[in-house]
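Trainee: With the hints as constraints, model all of the structure from the sequences given.
Chains as they are written, first to last, in numbering that gives the first Met the number 0: chain A, 0 to 632; chain B, 0 to 368.
Do not take every clue at face value.
Listed below are the simulated BS3-like cross-link pairs for lysine-lysine, each with C-alpha atoms no more than 30 Å apart in a straight line [unchecked claim]:
id, chain 1, residue 1, chain 2, residue 2
1, B, 293, A, 20
2, A, 187, B, 157
3, B, 208, A, 235
4, A, 417, A, 301
No lab work stands behind these hints: they were computed from the structure.
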Amino acid sequence: MTEIRNQLNGHETSALHRRFKIMLVIVVAALSLLALRMWYLQVIEGEELKQKSENNSIRIRKIKPMRGLIMDTHREVLVDSQCSFDVLFVPGRTRNIQSVFDQLGSLYQDASLNFDREVFTPGRLRPFVPIRLERNVSREKLAIVETHTLDLPGVTVDVVPVRQYLGGEMMAHLIGYTGEISPEELDKDESETYTSGDLIGKSGIEKYLDPYLRGKSGIEQVEINVLGKEVRVLGKEDPEPGYNVVLTIDALLQKVAWEALAGKPGAVVAMDPRDGSVLALVSSPAYDPTLFNGGISQEDWKKLSGDPFHPMEDRAISGQYPPGSTYKMIVAAAALQEGLITPETSFVCNGSYELGNRTYRCWHKGGHGRISLHRAIVQSCDVYFYNVGKLVGVDKLAEYARRFGLGAPTGIDLPREKNGMIPTREWKQMRYKEPWQIGETISLSIGQGYNLVTPLQLVTAYSALANGGVVWRPRLIKQIEAVDGQVIKSFAPERKSVVPVSTGVIEQLKKALWGVVNEEGGTGRAAQRKDADVAGKTGTSQVISLPNNEKTRKSKYIPSRFRDHALFTCFAPVHNPEIAIAVVAENAGHGGSAAAPIARKILDAYFDRKKSPGKKPPVVISDHRMEHQGLLH
Amino acid sequence: MKFDRRLFINFDWMLLLVVLGISLIGLLNIYSTGFNQVYAKQEFLYVKQIQWIVIGLVFMTAAFCVDYRFISRYAYLIYGCSIVLLVIVFFYGYATRGSQRWILLGGFSFQPSELVKLTLILALAKYFDHHRRNEFYRLRDLAVPFVITLAPFLLILKQPDLGTAMILLIIFFSLILFIGVHWKSLAWSALVGLVLIPAGWFLLKDYQKDRIMTFVNPESDPLGAGYHVIQSIIAIGSGGMTGKGFLKGTQTQLRFLPERHTDFVFSVFAEEWGFLGGMVLLVLFLSLILWGLKIALHARDYNGTLIAVGITALIFWEVVINIGMVLGILPVVGIPLPFLSYGGSSMVVLMTCVGLLMNVSMRRFILQP
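Mentor: Right, here's the structure in full:
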């Protein structure tokens, strides 16, 4: 029965046939219409349209945007953009490449046409992908190329905005550098807004804020005649300049810190403990960011990457150091808060501490005698803290260290921040498959051993102490604004957490830190200032006895590599702190003698200017200010 | 299902040859679009397209092995599943260029809106087969199939993907014109349509309005939407009678042409192979479509006829609208050119459609068990 139902009856069949005929007519008519249109375009209009395509009568030209400025907190310009002119060559526009080059060489009147011959090997040559012959050509050469366009088929001039790093080396790590987008970056680009030849931030702020700084390319549509001359501009879409960025950095402090480090390996971070604003972020040694403009040369790159002092590394956020005695504040805070000691608790220091069959020495061979907490901090007595650390235990110590922001990224707005390391029993079991040794807790209590912190973490922790317990997320960017000053995005201070330490304990510790700098016998007296009550802590971290002395770390510091790192961290004024500083000077010896004087210089600069606010800051870099916009027009 | 020797004898070699021929032309063409490019990922698109063709052939085989009457039994279920996929896209799909069309399936990104073209045809074919009438259909008879079409239409319009959504409506109208509608019903639909068009204008996104405006006058916006059409016309026209030659299309290689490997593939082909090449391609498409109609006419049952008509209509309209748009006689809407445009979902679904056509074709003599 189903069979019959599915069969078509005679009436239906004839109706079907009629409909199929109609469909046939529609199909043939539609496709014929397309064929006719093709005939019209390709055969009748063909010659004319071919002319058009051959002349490329309409040519699209990209106008590169001006990249945004980067300014310090006082709106002093740190990075600026200027125009440079590159000579390009499109191989597909000429039949005889060699003659074009000979022509260009003779016009220049010197044969020193320095381009990379390798790109002209037949396999790699793409006829319509422009090759950059020469970057940043002089005005004279530019004039030659412009006036001889007819003799130089395929040779064109490209206007490229070039970054001016007015801060130079002292800002290199912080600001970063830019370069032409690489094929890998193009492949990774999800937004599909970058095209080859675009400038892109490669590190630092330039990379982190690239989407804001880069601006938007403009397009110009130009009609060109058979001779390759522009006839008229058909349409134009202006490029949009990138947004300007205002940092929290104070260029003056940055400069003082940089000069105080004097090119030796180390790092300085200064922070406003009231809101976490980063005032200075210096890493030394550094590199010249302009080397990367238009691509770094092989030679320069080899020099930079082969340097034993690693100038490319930003030590302020990715240098990891044992905190040394600066860590004693964490130990003391934990012990006081947990009620394991009181400020009056005392221990006897006779120069060393015995545990099992091992001896742990105090830095003061003669010993400090019977000593209580305040003096133990002032004189940085190691034996006192061996005792206290043993009471607290490794896991409790780790808990407090973490609460102060150590051993984890601070979340600063920069790429490539390192974690640091705060060990626990569990971590050691996982990592080394060995139980925790009590002796390791002893080393830990004076900041040696597995402990590693970055200078930025250290200053964040001391800021928390200074401001009564608030751990801030370091704030590096104040705001992003459009060229007309309209604020696009502002970055409010961000409270990460509050340390679980009572006000009484914090006050006790701050008093002791004041003693370090100002009391008789204090280790940080080199940072003493009469008019500002500085509180601080020295630290000296041993390089040689590091248990995790990895090979890489060893080979990194070939000269004087066995010398200790000097640390100093401080804040001032002690009762209402406005600035906190952490200084690390690698292989420089004692914190009190090598690092504290650096902090002192920064404090001097900060408070001197505060005293005479009318005085303009010394011209740190140059006097470029906001008038540098829209250079293209 | 028993194996029947007649299945092999009746296998539609002609259909396979035509489709393979068109796909091969498409492959060469995609190789050309990637040849002179800066992006590594575009250079190797043709390798991926080969993968898609192979996967498509697997699906095609699957689609003709199982009797279409068996498939049709589950047509509503299959349709329902594809709607569920569309809903998933609506909530969890990922977007590129402001349009949320894709979902990830085992590492592949997949476009359910392509699949819906096929499942809609299956569902409508089943519905019209079950509700056969000897006289013309009236509006109330069309209410249910209209809702069946409207659901995916709205979901896809929201993505937004105007082109694909329109194709669904076109499939619907093609099928109801084929089954026969009372002239009064037609008149009413036309009237409602005329009222809805101005209302729909306000629902369109700005870029969609732009495209329709520039279709009316491409020179009004030479830098924006009109640019595509102008450059496409220059590319096609400059190909002349015999074309500029393989890999030598300056419009393509100079990257004047936008969307070279997707919507504007035909311009690339016409520039490099000229009027003659274009005609060869058109004739291949014509044979494919006529062959599809022949299959529909000789189908064993009405359901088979409707499936074949639906699939043929899909291919026909996509070809006409895509080529019409690159030739500048239709507005630019994102509709791929079957078997030539780069794209996995489109290729696999179209191959499956062809598999179904073969299915209907080779079972035309077999009595139902």
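Trainee: Hint by hint, say whether it matches the structure.
Mentor: Against the structure, the hints:
Restraint check for residue 293(B) and residue 20(A): the C-alpha separation of about 11 Å stays at or below 30 Å, so the hint holds. For the hint linking residue 187(A) to residue 157(B), the alpha-carbon distance of about 28 Å falls within 30 Å, and the restraint holds. Between residue 208(B) and residue 235(A), the direct Cα distance comes to roughly 22 Å. Compliance with the 30 Å bound is thereby established for this hinted pair. For the suggested pair residue 417(A) and residue 301(A), the alpha carbons sit about 25 Å apart, so the restraint of at most 30 Å is met.
Checked against the numbered hints listed earlier, the structure breaks none of them; every hint is satisfied.
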